[in-house]
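A.B. asks: Based on the hints, put chain B in the right spot on chain A.
Protein chains: 2
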Amino acid sequence: MNFAERFAADRELVEKALGAVFRGCPPHADLYDAMNYSLLAGGKRLRPILTLECSRLCGGTDVHALSLACAVEMIHTYSLIHDDLPCMDNDDLRRGKPTNHMVYGEATAVLAGDGLLTAAFETALGAGAYLPAGQVTQALELLACAAGPAGMVGGQALDMAGEGHALTLSDVEELQKLKTGALISAAAELGVVAAGGSEAQRKAVRTYAQKLGLAFQIRDDMLDVAGDQDSLGKSVGSDVRAEKTTFVTLKGLEECGNMVERLTDEAIAALSIFADPWFLEELARAMVGRTN
Amino acid sequence: MNFAERFAADRELVEKALGAVFRGCPPHADLYDAMNYSLLAGGKRLRPILTLECSRLCGGTDVHALSLACAVEMIHTYSLIHDDLPCMDNDDLRRGKPTNHMVYGEATAVLAGDGLLTAAFETALGAGAYLPAGQVTQALELLACAAGPAGMVGGQALDMAGEGHALTLSDVEELQKLKTGALISAAAELGVVAAGGSEAQRKAVRTYAQKLGLAFQIRDDMLDVAGDQDSLGKSVGSDVRAEKTTFVTLKGLEECGNMVERLTDEAIAALSIFADPWFLEELARAMVGRTN
Numbered sequence: 288m289n290f291a292e293r294f295a296a297d298r299e300l301v302e303k304a305l306g307a308v309f310r311g312c313p314p315h316a317d318l319y320d321a322m323n324y325s326l327l328a329g330g331k332r333l334r335p336i337l338t339l340e341c342s343r344l345c346g347g348t349d350v351h352a353l354s355l356a357c358a359v360e361m362i363h364t365y366s367l368i369h370d371d372l373p374c375m376d377n378d379d380l381r382r383g384k385p386t387n388h389m390v391y392g393e394a395t396a397v398l399a400g401d402g403l404l405t406a407a408f409e410t411a412l413g414a415g416a417y418l419p420a421g422q423v424t425q426a427l428e429l430l431a432c433a434a435g436p437a438g439m440v441g442g443q444a445l446d447m448a449g450e451g452h453a454l455t456l457s458d459v460e461e462l463q464k465l466k467t468g469a470l471i472s473a474a475a476e477l478g479v480v481a482a483g484g485s486e487a488q489r490k491a492v493r494t495y496a497q498k499l500g501l502a503f504q505i506r507d508d509m510l511d512v513a514g515d516q517d518s519l520g521k522s523v524g525s526d527v528r529a530e531k532t533t534f535v536t537l538k539g540l541e542e543c544g545n546m547v548e549r550l551t552d553e554a555i556a557a558l559s560i561f562a563d564p565w566f567l568e569e570l571a572r573a574m575v576g577r578t579n
Numbered sequence: 288m289n290f291a292e293r294f295a296a297d298r299e300l301v302e303k304a305l306g307a308v309f310r311g312c313p314p315h316a317d318l319y320d321a322m323n324y325s326l327l328a329g330g331k332r333l334r335p336i337l338t339l340e341c342s343r344l345c346g347g348t349d350v351h352a353l354s355l356a357c358a359v360e361m362i363h364t365y366s367l368i369h370d371d372l373p374c375m376d377n378d379d380l381r382r383g384k385p386t387n388h389m390v391y392g393e394a395t396a397v398l399a400g401d402g403l404l405t406a407a408f409e410t411a412l413g414a415g416a417y418l419p420a421g422q423v424t425q426a427l428e429l430l431a432c433a434a435g436p437a438g439m440v441g442g443q444a445l446d447m448a449g450e451g452h453a454l455t456l457s458d459v460e461e462l463q464k465l466k467t468g469a470l471i472s473a474a475a476e477l478g479v480v481a482a483g484g485s486e487a488q489r490k491a492v493r494t495y496a497q498k499l500g501l502a503f504q505i506r507d508d509m510l511d512v513a514g515d516q517d518s519l520g521k522s523v524g525s526d527v528r529a530e531k532t533t534f535v536t537l538k539g540l541e542e543c544g545n546m547v548e549r550l551t552d553e554a555i556a557a558l559s560i561f562a563d564p565w566f567l568e569e570l571a572r573a574m575v576g577r578t579n
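Protein chains in written order, with the working numbering: chain A, 288 to 579; chain B, 288 to 579.
Hints were generated in silico from the structure; no laboratory data involved.
A quick note: this is a predicted structure, and the numbers were derived from the prediction, not measured.
Repeated chains share a single entry, so a pair holds when one copy, or any two copies, can fit it.
For lysine to any residue, the following SDA-like pairs were computed, each having C-alpha atoms within a straight-line distance of at most 25 Å:
#, residue 1, residue 2
1, Lys490, Ala420
2, Lys490, Gly415
3, Lys464, Gly311
4, Lys464, Met546
5, Lys464, Glu568
6, Lys464, Thr532
7, Lys464, Cys312
8, Lys464, Asp320
9, Lys464, Tyr319
10, Lys490, Glu461
11, Lys331, Lys464
12, Lys331, Glu569
13, Lys464, Gly544
14, Lys331, Pro385
15, Lys464, Val512
16, Lys464, Arg310
17, Lys464, Asn323
For reference, chain A alone in the conformation it holds in the complex (with noise of 0.2 Å):
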């Protein structure tokens, strides 16, 4: 299996894993549809392939790190309902579709965040019927703390105070560490977690998927400028309108693409401990090249 299949067999697990968190459910009112509509809308699923092939790289099998990555995702996709919301960054397009206050109107959008968010942690509770109570509670406060105020609720507030302001280069570094970083890094910790790996394993991945959440943020706010919004699925221009300080308005395209390539080689640098660990760091390099 080469990348591009095994990314895309990842995916599909992934997809089934997630159509199934609702299935059954009571509908009450509008809000089950209007979490399934933003959770199915597909999308890159770059966090909960992290927790899957990180726990694969530690001996670990699908089944158990299954219910951390859905939650992983539930949780990246309740922040963003939030992040388009009027009174935050106001985008009518996420991933080609209207966004879901466009669909559901503000107030099931406002709650269908919570209702991910809540629900991401009864989710990362089932991974107890394969992992020790320890494990999962080690892995609960991985994402809490990723999720949370000093993670990226956090980051989104320092976002917000920032538009309009003149950031420094460290400003947006520690603002992207927050916002996009913390979630992406306990993403591949949680995998560990779930294998039940080492302190050392955790390190690793941890310093791989920072450098890679970095790349990633600089490759967006590159994609912001030069991208096309029909392979983006969203509206470009967007920084630029919201006086956003980033990463390209600080260094121009060209050293962020110098950027890019330097945290990829240093984010696989990083896996050397493991002893085959290639999805991985063709998964940093297709970074590098992404346009979407």
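C.D. replies: Using the frame of chain A, we list chain B on its own:
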């Protein structure tokens, strides 16, 4: 110690623990201020007091129950912040103070709610310092299930969908059971879990809390019609303005008063397996005549 003294002492214990939740945290723009603004805005602290008291009733010590008690109140607080948003109930006043979004703006209020919800799980995980991991995951399951789409968030979705529509008594009961009942019931059960109590004890406090929660909601509806804004610390008449079907619009004030008394008796009866549940008995009785 009489009821009022014990209630005040419990409340002080809770206030102190809540005040410590975000102490020493790095400030991310207004986020921590906004979370603390609502978390430390007073309130009856009914839910965390239920957790503490149910734990004591089962022989638990406060230190084992306190982080679970705080987690419940954090979830309750996040739900108030989001419920008050312009796109939801659009309320300006809460506990006698301007609502979160009136002070910090809508974007920060959404994030403050998200942050409190996520941090609630982190706080609950803190119980792992005292309890075996299996008890902690049990507690988190209770919490997530009561707060999520099959509990509180689902109830709020039903509430929004019901505005302007005629609901039956059983619709309103189902709505209440999810929107406020589930978390009140979980608060009580969490105390039993913290104390390592029995299944019979869990069932008894669950029944007690379900009856109490329903009585509480009916009394709430009564106060929205017949209450005093100053002693309530929130606007009255909001249900009428939102064209909500309530227990009062369905049954009238007098019959609602009878229902509250009947439910209080049933709540107290559920405690018969305990040797001396005097505090919880008094607590239920205090609901009948409450004015705030």
